[in-house]
Amino acid sequence: MGTITINPVTRISGFLEITAEVKENKIINAESKGLLFRGFEKMLQGRHPLDAIYFTERICGICSAAHSIASSLALENCLKVFPDENDKMLRDFLHGSEIIQNHIRHFYQYTIPDFVYGSQINSVYTVQHNDFRLPEKINIKITGHYIDSLKYSRLSHKMLAILGGKAPHNHGVFVGGVTVNIDASKIIELKSILNAIKEFVENTMIQDVYTIADYYKDYFKNGFGYENLMSYGLFDSYKDKEMFYLKPGIMINGKNHKFDPSKINENIYFAWYKSNKVEKNPMEDTVDENVDKNNGYSWIKAPRYDGYPMEVGPLARMWLCGDYKNGISTMDRTIARVLEVKKIIGIMENIIQRVVIKKTSQKILDIPMEAVGKGLVDTSRGALGHWVSIENKTIKNYEIITPSVWNLSPKDSNGLFGVVEKALIGTEINDIKNPVEIGRIVRSFDPCVSCAAHVINNNLSKIEIRLI
Amino acid sequence: MSINNTECKYSHSKNRMAKIIIKDSIKSLDKKEGKKIKLIWLEAAGCSGNIISLLNAESPDLKYFLENMVKLVYSNSLMRLEGEAAFEQFMDTLSDEYILVVEGAVSTKSNGMYNIIAKYEEKWVTGMEAVKLAGERAKYILAVGTCASFGGISSARPNPSGSLSVKEFIKKEVINIPGCPANPQWVIGTIAYILSFGKPELDDKGRPIMFYGITIHDRCTRRSYFDKGIFAKKLGDEECLFKLGCRGPVTKTDCPIRRWNSSINWPVGDNSPCIGCAQEKFPDGMEPFVKY
Numbered sequence: 014m015g016t017i018t019i020n021p022v023t024r025i026s027g028f029l030e031i032t033a034e035v036k037e038n039k040i041i042n043a044e045s046k047g048l049l050f051r052g053f054e055k056m057l058q059g060r061h062p063l064d065a066i067y068f069t070e071r072i073c074g075i076c077s078a079a080h081s082i083a084s085s086l087a088l089e090n091c092l093k094v095f096p097d098e099n100d101k102m103l104r105d106f107l108h109g110s111e112i113i114q115n116h117i118r119h120f121y122q123y124t125i126p127d128f129v130y131g132s133q134i135n136s137v138y139t140v141q142h143n144d145f146r147l148p149e150k151i152n153i154k155i156t157g158h159y160i161d162s163l164k165y166s167r168l169s170h171k172m173l174a175i176l177g178g179k180a181p182h183n184h185g186v187f188v189g190g191v192t193v194n195i196d197a198s199k200i201i202e203l204k205s206i207l208n209a210i211k212e213f214v215e216n217t218m219i220q221d222v223y224t225i226a227d228y229y230k231d232y233f234k235n236g237f238g239y240e241n242l243m244s245y246g247l248f249d250s251y252k253d254k255e256m257f258y259l260k261p262g263i264m265i266n267g268k269n270h271k272f273d274p275s276k277i278n279e280n281i282y283f284a285w286y287k288s289n290k291v292e293k294n295p296m297e298d299t300v301d302e303n304v305d306k307n308n309g310y311s312w313i314k315a316p317r318y319d320g321y322p323m324e325v326g327p328l329a330r331m332w333l334c335g336d337y338k339n340g341i342s343t344m345d346r347t348i349a350r351v352l353e354v355k356k357i358i359g360i361m362e363n364i365i366q367r368v369v370i371k372k373t374s375q376k377i378l379d380i381p382m383e384a385v386g387k388g389l390v391d392t393s394r395g396a397l398g399h400w401v402s403i404e405n406k407t408i409k410n411y412e413i414i415t416p417s418v419w420n421l422s423p424k425d426s427n428g429l430f431g432v433v434e435k436a437l438i439g440t441e442i443n444d445i446k447n448p449v450e451i452g453r454i455v456r457s458f459d460p461c462v463s464c465a466a467h468v469i470n471n472n473l474s475k476i477e478i479r480l481i
Numbered sequence: 409m410s411i412n413n414t415e416c417k418y419s420h421s422k423n424r425m426a427k428i429i430i431k432d433s434i435k436s437l438d439k440k441e442g443k444k445i446k447l448i449w450l451e452a453a454g455c456s457g458n459i460i461s462l463l464n465a466e467s468p469d470l471k472y473f474l475e476n477m478v479k480l481v482y483s484n485s486l487m488r489l490e491g492e493a494a495f496e497q498f499m500d501t502l503s504d505e506y507i508l509v510v511e512g513a514v515s516t517k518s519n520g521m522y523n524i525i526a527k528y529e530e531k532w533v534t535g536m537e538a539v540k541l542a543g544e545r546a547k548y549i550l551a552v553g554t555c556a557s558f559g560g561i562s563s564a565r566p567n568p569s570g571s572l573s574v575k576e577f578i579k580k581e582v583i584n585i586p587g588c589p590a591n592p593q594w595v596i597g598t599i600a601y602i603l604s605f606g607k608p609e610l611d612d613k614g615r616p617i618m619f620y621g622i623t624i625h626d627r628c629t630r631r632s633y634f635d636k637g638i639f640a641k642k643l644g645d646e647e648c649l650f651k652l653g654c655r656g657p658v659t660k661t662d663c664p665i666r667r668w669n670s671s672i673n674w675p676v677g678d679n680s681p682c683i684g685c686a687q688e689k690f691p692d693g694m695e696p697f698v699k700y
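For the protein sequence lines, the chains are B and P, in the order given.
Just so we're aligned: the first sequence equals residues 14 to 481 in my numbering.
Just so we're aligned: the second sequence equals residues 409 to 700 in my numbering.
Honestly, the hints are just simulated from the structure, not real lab data.
Fair warning: this is a prediction, and the values are worked out from it, not measured in the lab.
C-beta atoms are modelled at their ideal positions from N, C-alpha and C, and glycine is treated no differently.
Be aware that one or more of the hints could be misleading.
[To be verified] If you only want the chain B side, here are some residues facing chain P, beta carbon under 10 Å, derived: (1) Val-22; (2) Val-35; (3) Ile-66; (4) Arg-71; (5) Ser-77; (6) Val-137; (7) Tyr-138; (8) Arg-146; (9) Gly-178; (10) Phe-257; (11) Met-296; (12) Val-300; (13) Cys-461.
[Stated by the list, open to error] Keeping only pairs whose Cα atoms sit at most 25 Å apart, straight-line, the calculated DSS-like set for lysine-lysine is: (14) P:Lys-699 / P:Lys-689; (15) P:Lys-689 / B:Lys-446; (16) B:Lys-254 / B:Lys-276; (17) P:Lys-636 / B:Lys-101; (18) P:Lys-642 / B:Lys-199; (19) B:Lys-372 / P:Lys-641; (20) B:Lys-101 / P:Lys-641; (21) B:Lys-446 / B:Lys-36; (22) P:Lys-527 / B:Lys-372; (23) B:Lys-406 / P:Lys-699; (24) P:Lys-642 / B:Lys-372; (25) B:Lys-39 / P:Lys-527.
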């Protein structure tokens, strides 16, 4: 019996520690602790509601447009603004650009170094284990693709910047849609860039993921998790099937259910917070922290849907919409993410085909004295929710539940493990000195701790806990 | 002339040729590597968006930057190593000559426990400790992004994590490259200058004058509208955004001419105001971002 600690879990966004108790080479207990405290929800209180869009983007460097979109949706809900169809399509195209960027980077820069021996051009590529199984020729080829991919993720952000001014942290996404005035030159530029990315994805990236899957077949047999899946829906406001991805959906114990946002609660039993109740709705006031809590081991709260820990992300989406049914495992998660890039490119092609040339429908916005709103949308890593309440024309409360909070959560008061914890438990570790399985399983979820650990209230003077 | 004389002198070893060439290239790479200065890219309390912005660099791109300019030894986002072995590479570098890049603010509340970046020899390493350790010995310290340069979003009121800028914390000379995120050309350009000529000329806020010498307003493409008093009434309008709260007049960067993402666009080009993301008072002193 021993405990394995991995910190830093590199090649993710932000800081994460994983501890795993191992008995006879099998993980019997795991804790996922991802903590970097900045306290966005506290910072947002008292600010001008419209500032939330550019402010919350700064939660995350790799999926910032996602936050601008969720924030805009929440504010549109408050302000009773309904975006013009053309502007909404452009915002969706911008969102697609970010997802493609994220998935290409996650696959090549974050995942590939786990499986491919690769480049030695710099010390950042030093290896520490020898479970690299690809023949030399294929190794060299995929290493070349690692370098090639830099161009295509950069181009994805270039598309985002054409519509949003810059990336990361765009300016174009706003209440009412976008700020860009689309024209023929921009449209053809977007089409041509998208086409170049499509060629790379279809001719290179998809082959690469299947090649890796071939040599690492055992990764279809670990990292299962609960197999409970959730999506808030993505590109789902269109009647036109060619622009449509999926409606909000839930799968629990193999059965599909209708999504009901009122069933989302946050459990704080194993998180460093105090409240008169152990579980609360995101619309209620933010809870206070309690670092002396004996059973606390994470700053991430445990969100649950109707009491269930839910896996979110590309595999959940691809499964729920029926496009991918091979299985739910480490490798399936990675394959589904790559296949989703192709799917989203197809949707974007259809969106840009239908966009008409006209000016943005931005309007002068009036902030109500009081209002509440929510913005729920699926993004790169899964289901993202922003909840906002306005009082005296300023933000009274702001609550954010990111996809990585769903996936990286600690246990709840019913003793149910978080999704990543559950995916680790039961895993056979081949070489206890080089537990490569842990990093590979955790990375298949594309954790973003910058996003997950944004929540903090105030003053932690008595802190003695060891957090990360 | 005998046939033997025209034979390739390496023919006897042709079966081993590939191996020899590989060995030679590794040797020459090692030599090249040896000449390059080491670079630690330390992510602290922030969004890790500056390393993403670096990946967006085009000319030079990340490949050129790593192959020809610096020897990157530590990066939470990019390095293959994980766990303690990863952090050992950080520690091993401290006895050598290196450039330290910090992105994100230094979170000081509760002795830095708001931002732990590694576990080393059974102990937690805070972002604060890492900045101190590496900052004391670094040949140059670059604070990349507004959080590292001035505190930025991470120190927005009520500053729950007690975040400070790198300079406030370390009290040494720091080259500030603000921007949220920093434009990759500002970062690579500054490092290129250092490699060729040493420290670039800095202004009183520690910023390289070559990128931060002139306000956005002075070179704005919509300046003629301002001069004629023609103002945008809402986002999406194509006139001067000053009355909607544009911070171009108080923000010094070369955004209007350099632009972003392979120079394709910039916020004002997208009909939205500059929010002063590279300004030392960002975000609290730059709000509201959009004024109706």
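TODO: Against chain P, run the beta carbon of B:Cys-461 and see if the smallest gap drops under 10 Å.
DONE: OK, holds: B:Cys-461 within 10 Å of chain P, min 9 Å.
Open item on the list: For a C-alpha distance cap of 25 Å, please report whether B:Lys-39 and P:Lys-527 respect it.
Closed with: 23 Å, holds
- [ ] Would you settle whether the hint for B:Val-22 is holds or violated, based on the nearest Cβ-Cβ distance to chain P being less than 10 Å?
- [x] For B:Val-22, the interface hint holds, since the closest Cβ of chain P sits about 6 Å away, which is under 10 Å.
Open item on the list: What's the verdict on P:Lys-689 and B:Lys-446, does the C-alpha distance respect the 25 Å limit or exceed it?
Closed with: 48 Å, violated
Task: chain P contact restraint for B:Phe-257 - C-beta distance below 10 Å - done: With a closest approach of 27 Å, the B:Phe-257 hint is violated.
Open item on the list: Can you confirm whether the C-alpha distance between P:Lys-642 and B:Lys-372 stays at or below 25 Å?
Closed with: Judged against 25 Å, a Cα distance of about 12 Å means the pair holds.
Task: Satisfaction of the B:Val-35 interface hint, Cβ to chain P closer than 10 Å - done: 14 Å, violated
Open item on the list: So if I understand the rule, the pair passes when the alpha-carbon distance is 25 Å or less; does B:Lys-446 with B:Lys-36 pass?
Closed with: Cα-Cα ~14 Å, so holds.
Task: Pairwise hint evaluation, B:Lys-101 against P:Lys-636, where the allowed Cα distance is 25 Å at most - done: 34 Å, violated
TODO: Report holds or violated for the interface hint on B:Ile-66, using the least CB-CB distance to chain P and a cut-off of 10 Å.
DONE: Check passed: Cβ of B:Ile-66 comes within 8 Å of chain P, closer than 10 Å.
Open item on the list: For a C-alpha distance cap of 25 Å, please report whether P:Lys-642 and B:Lys-199 respect it.
Closed with: 22 Å, holds
- [ ] Using Cβ atoms only, decide whether B:Arg-146 comes closer than 10 Å to chain P, and label the hint accordingly.
- [x] 16 Å, violated
Hint check: violations occur at hints 2, 8, 10, 11, 12, 15, 16, 17 and 22; the rest are consistent with the structure.
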